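K.L.:
Chains as they are written, first to last, in the working numbering: chain A, 287 to 544; chain B, 485 to 787.
None of these hints come from the bench; they were simulated from the model.
Incorrect hints may appear among the rest.
Unchecked claim - Result set (BS3-like, lysine-lysine): computed pairs, CA atoms no more than 27 angstroms apart in a straight line: (1) K521(A) - K537(B); (2) K631(B) - K535(B); (3) K538(A) - K704(B); (4) K690(B) - K483(A); (5) K687(B) - K525(A); (6) K631(B) - K525(A); (7) K456(A) - K358(A); (8) K288(A) - K760(B); (9) K535(B) - K532(A); (10) K487(A) - K453(A); (11) K535(B) - K521(A); (12) K776(B) - K532(A); (13) K521(A) - K687(B); (14) K760(B) - K776(B); (15) K704(B) - K525(A); (16) K513(B) - K521(A); (17) K690(B) - K521(A); (18) K499(B) - K535(B); (19) K760(B) - K330(A); (20) K678(B) - K535(B); (21) K499(B) - K704(B); (22) K537(B) - K538(A); (23) K521(A) - K576(B); (24) K576(B) - K497(B); (25) K561(B) - K288(A); (26) K631(B) - K288(A); (27) K766(B) - K704(B).
As the list claims (entries may be wrong) - To list a few chain A residues with every Cβ distance to chain B over 10 angstroms, as calculated: (28) R371; (29) E449; (30) K453; (31) T457; (32) G513.
Unchecked claim - With the Cβ distance kept under 7 angstroms, some of the chain B side facing chain A (calculated, not the full set): (33) A487; (34) L489; (35) R635; (36) G764.
Bear in mind that the values here come from a model prediction, so they are computed numbers and not experimental data.
Heads up, the beta-carbon is just placed ideally off N, CA and C, and yes, glycines get one too.
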Amino acid sequence: MKRINDFRAILESKRQIEPDIFLIEFLLPDFDGSADPGQFMMLKSVSTYDPFLRRPYSIFDCGKGRITILLKVVGFGSRIIAGMRKEQELNMLGPLGNGFPFPSGEHSILIAGGIGLAPLWFLAKELKSRKKPFSMIYGEKTVSGVSNEVEKTFGEIVHIATEDGSKGYKTTAIGIVPSIFDEMGERQYALYACGPKAMLKETISLAEERAVPVYVSLEERMACGIGVCLGCSVKSSNKGYLTVCKDGPVFKGQDVEF
Amino acid sequence: MKANLEVQIGALKFKNPVLTASGTFGYGKIMGRIIDISSLGGIITKSITTKPKEGNPAPRIVETPCGMLNSIGLENKGLENFLTEVLPEIQKFKTNKIASIAGESVDEYKILSETLDGKVDALEVNISCPNVRNGGMSFGQDMDSVKNITRAVRENTSLPVIVKLTPNVTNIKGIAKICENSGADAISLVNTYKGLSIDTDGKVSKLGSFSGGLSGPAIKPLALYAVSEVYSEVTIPVIGCGGIMDASDAIEFIMAGATLIEVGSATFRDPMAAIKIVQGLKIYSDKEKMNKIMEIRGIVNEN
Numbered sequence: 287m288k289r290i291n292d293f294r295a296i297l298e299s300k301r302q303i304e305p306d307i308f309l310i311e312f313l314l315p316d317f318d319g320s321a322d323p324g325q326f327m328m329l330k331s332v333s334t335y336d337p338f339l340r341r342p343y344s345i346f347d348c349g350k351g352r353i354t355i356l357l358k359v360v361g362f363g364s365r366i367i368a369g370m371r372k373e374q375e376l377n378m379l380g381p382l383g384n385g386f387p388f389p390s391g392e393h394s395i396l397i398a399g400g401i402g403l404a405p406l407w408f409l410a411k412e413l414k415s416r417k418k419p420f421s422m423i424y425g426e427k428t429v430s431g432v433s434n435e436v437e438k439t440f441g442e443i444v445h446i447a448t449e450d451g452s453k454g455y456k457t458t459a460i461g462i463v464p465s466i467f468d469e470m471g472e473r474q475y476a477l478y479a480c481g482p483k484a485m486l487k488e489t490i491s492l493a494e495e496r497a498v499p500v501y502v503s504l505e506e507r508m509a510c511g512i513g514v515c516l517g518c519s520v521k522s523s524n525k526g527y528l529t530v531c532k533d534g535p536v537f538k539g540q541d542v543e544f
Numbered sequence: 485m486k487a488n489l490e491v492q493i494g495a496l497k498f499k500n501p502v503l504t505a506s507g508t509f510g511y512g513k514i515m516g517r518i519i520d521i522s523s524l525g526g527i528i529t530k531s532i533t534t535k536p537k538e539g540n541p542a543p544r545i546v547e548t549p550c551g552m553l554n555s556i557g558l559e560n561k562g563l564e565n566f567l568t569e570v571l572p573e574i575q576k577f578k579t580n581k582i583a584s585i586a587g588e589s590v591d592e593y594k595i596l597s598e599t600l601d602g603k604v605d606a607l608e609v610n611i612s613c614p615n616v617r618n619g620g621m622s623f624g625q626d627m628d629s630v631k632n633i634t635r636a637v638r639e640n641t642s643l644p645v646i647v648k649l650t651p652n653v654t655n656i657k658g659i660a661k662i663c664e665n666s667g668a669d670a671i672s673l674v675n676t677y678k679g680l681s682i683d684t685d686g687k688v689s690k691l692g693s694f695s696g697g698l699s700g701p702a703i704k705p706l707a708l709y710a711v712s713e714v715y716s717e718v719t720i721p722v723i724g725c726g727g728i729m730d731a732s733d734a735i736e737f738i739m740a741g742a743t744l745i746e747v748g749s750a751t752f753r754d755p756m757a758a759i760k761i762v763q764g765l766k767i768y769s770d771k772e773k774m775n776k777i778m779e780i781r782g783i784v785n786e787n
């Protein structure tokens, strides 16, 4: 089994995309760059005990000696990381969890809602570099700098949805999926989604209707990130509970109930 | 001079006083990918129940100032799974394997202790979980249950018996004394303090099962005092637990009377915490030119 390391990470650059959203790149001198899209890191930002727990962040992008995260300020922990300056350090435990399985021959449809973009950005980059066919949907409440980033990087395969119609289609991310099915016609598909729970539920039922495989990345409060505290449980469709951190965060849509 | 960190509970030897607290280390399988488990004094497993237990609804954890509340609810796959799947796996750890057991009746504790006899190095009897409806902390708060369960385990195993106490009582010394008189070989304390955290926007508890157990540095002074109290009352070894983050904390517990210590939620923050504490104890002992770590046990109480 692969070793899990607690890496020293040095803030290299920070870009503010929206008042509360940042892209932060860290240098990790000891990180060999091997991680799967969908995997995450546990960040420990302070040496005092408040905040007490690490915070999980999906790997947005990575390479040898570096990892980038997409951070939205939602509370105490994220605010501290967002406030860090160049050359300040934190610890990153990982890479953790199971990532997205790669499509064999299917046309992948990546469905990202809001900050749920992070793991799918990494997946999209991998699919692009492996020349696998895919479409990418990014949905948000209202137009933001994030959708510009998505368009700028992935080009014409990107479909933007905003709830208020301020950019792209006035619908939800899911609202766009049927038009992609229509446009691409008869072929094998696979759905990959990360975002609000309601969006993931809709993705799963849509996939069931069309009988296509669906993979969702879940988010839950977690203490350890490695499967020992059993704090981040999600109900298994089979029996009992699964841990988001170790059994997930990516699950087959049919395997979990939430 | 290299200090001797070895300690004992009865005839059972520990290479150092550092144990991992039940429920914070799984069964060691994943932790083995991060640290060298064999360098620890021992590991205490996630609590085992006779039947599989699903645990409580989410959210199960919430961060609090310098600590956290948990309400896992003893989720585990049960005794049968422990025997067939877990036990063979943990044999490779060259350290003491202590099984934590939890039941909803005296009979279940009997079954667990009888079945595990000879298969692990010691038993830790969990009568202090604040997050289950039946048994758990309610046993640890009732003097008759404490006596009956401790006796039942004692009569059904040849292994050293450690009883883990809840601090949610008015007279922890009295409870500890009952354990000693009922045949316990050691007392471990404290399990978590029952607590609550409220989401003011949603006007609901932040935990799925309302209340939880508080752990972390927030409870350290409380736990330390409880250890010192119990140490003054019993003659059997005391195992200290509650907010131990580093070697300095561990030394405080030993000075308050602990023979061993358990590292709990510190592992969530830093998976290397327990290993770093072992290293820190070595450094401290060398610096203080001690022959044995036990030289400082209970030292503050003797002033």
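K.L.:
Indicate, hint by hint, whether the structure satisfies it.
P.N.:
Results for each hint:
Of the supplied pair hints, the one linking K521(A) and K537(B) holds, its CA atoms being roughly 13 angstroms apart against a limit of 27 angstroms. For the hint linking K631(B) to K535(B), the alpha-carbon distance of about 24 angstroms falls within 27 angstroms, and the restraint holds. Under the criterion of a C-alpha separation no larger than 27 angstroms, the hint pairing K538(A) with K704(B) is inconsistent with the structure, at around 42 angstroms. With a C-alpha separation of about 18 angstroms, the suggested pair K690(B) and K483(A) falls inside the 27 angstroms cut-off, and the hint holds.
A hinted pair counts as satisfied when its Cα atoms are at most 27 angstroms apart, and K687(B) with K525(A) does not qualify at roughly 31 angstroms. Of the supplied pair hints, the one linking K631(B) and K525(A) is violated, its CA atoms being roughly 36 angstroms apart against a limit of 27 angstroms. Proposed proximity of K456(A) and K358(A) is supported: the alpha carbons are some 23 angstroms apart, at most 27 angstroms. Between K288(A) and K760(B), the direct Cα distance comes to roughly 22 angstroms. Compliance with the 27 angstroms bound is thereby established for this hinted pair.
Restraint check for K535(B) and K532(A): the C-alpha separation of about 23 angstroms stays at or below 27 angstroms, so the hint holds. This hinted pair checks out: K487(A) and K453(A) have alpha carbons roughly 24 angstroms apart, not beyond 27 angstroms. Restraint check: the Cα-Cα separation between K535(B) and K521(A) comes to about 19 angstroms, which is no more than 27 angstroms; the hinted pair holds. Restraint check for K776(B) and K532(A): the C-alpha separation of about 40 angstroms exceeds 27 angstroms, so the hint is violated.
Distance restraint check for K521(A) and K687(B): the Cα-Cα separation of roughly 24 angstroms lies within the 27 angstroms cut-off, and the hinted pair is therefore satisfied. At roughly 19 angstroms between alpha-carbon atoms, K760(B) and K776(B) fall within 27 angstroms of each other, so this suggested pair holds. For the given pair, K704(B) sits about 37 angstroms from K525(A) by alpha-carbon distance, which is inconsistent with the 27 angstroms threshold. Our distance criterion of 27 angstroms between C-alpha atoms is met by K513(B) and K521(A), whose separation comes to about 23 angstroms.
With a C-alpha separation of about 18 angstroms, the suggested pairing of K690(B) with K521(A) holds against the 27 angstroms cut-off. In summary, the hint linking K499(B) to K535(B) is not supported, as the alpha carbons are separated by about 33 angstroms, beyond the 27 angstroms threshold. Straight-line distance between C-alpha atoms of K760(B) and K330(A) comes to about 17 angstroms, which keeps the hinted pair within the 27 angstroms bound. At roughly 25 angstroms between alpha-carbon atoms, K678(B) and K535(B) fall within 27 angstroms of each other, so this suggested pair holds.
Distance restraint check for K499(B) and K704(B): the Cα-Cα separation of roughly 25 angstroms lies within the 27 angstroms cut-off, and the hinted pair is therefore satisfied. Between K537(B) and K538(A) the CA atoms are separated by roughly 24 angstroms; this keeps the pair inside 27 angstroms, and the hint holds. Our distance criterion of 27 angstroms between C-alpha atoms is broken by K521(A) and K576(B), whose separation comes to about 32 angstroms. The straight-line distance between the Cα atoms of K576(B) and K497(B) is roughly 18 angstroms, inside the 27 angstroms bound, and the hint therefore holds.
For a cut-off of 27 angstroms, the pair hint linking K561(B) to K288(A) stands: about 25 angstroms separates their Cα positions. With a C-alpha separation of about 46 angstroms, the suggested pair K631(B) and K288(A) falls outside the 27 angstroms cut-off, and the hint is violated. Under the criterion of a C-alpha separation no larger than 27 angstroms, the hint pairing K766(B) with K704(B) is consistent with the structure, at around 22 angstroms. Chain B leaves R371(A) outside its interface by the beta-carbon criterion, the shortest separation being 23 angstroms against a cut-off of 10 angstroms.
Look at E449(A): its CB is around 21 angstroms from the nearest CB on chain B, clear of 10 angstroms, so calling it non-interface holds up. For K453(A), the non-interface assignment is confirmed: its Cβ lies about 29 angstroms from the closest Cβ of chain B, beyond the 10 angstroms cut-off. Distance to chain B confirms T457(A) as a non-interface residue, since its nearest Cβ pair spans about 28 angstroms, more than 10 angstroms. With a closest Cβ-Cβ approach of about 5 angstroms to chain B, G513(A) is found to fall inside the 10 angstroms limit, against its non-interface label.
Restraint check, A487(B) versus chain A: the minimum CB separation of about 27 angstroms is more than 7 angstroms; hint violated. For L489(B), the interface hint is violated, since its Cβ never comes within 7 angstroms of a Cβ in chain A; the closest pair sits about 24 angstroms apart. Hint status for R635(B) relative to chain A: violated, with the closest Cβ pair at about 31 angstroms, above 7 angstroms. Violation of the interface hint for G764(B) is found here, the shortest Cβ-Cβ separation to chain A being roughly 15 angstroms, above the 7 angstroms cut-off.
In this structure, the hints that do not hold are numbers 3, 5, 6, 12, 15, 18, 23, 26, 32, 33, 34, 35, 36, in rising order.
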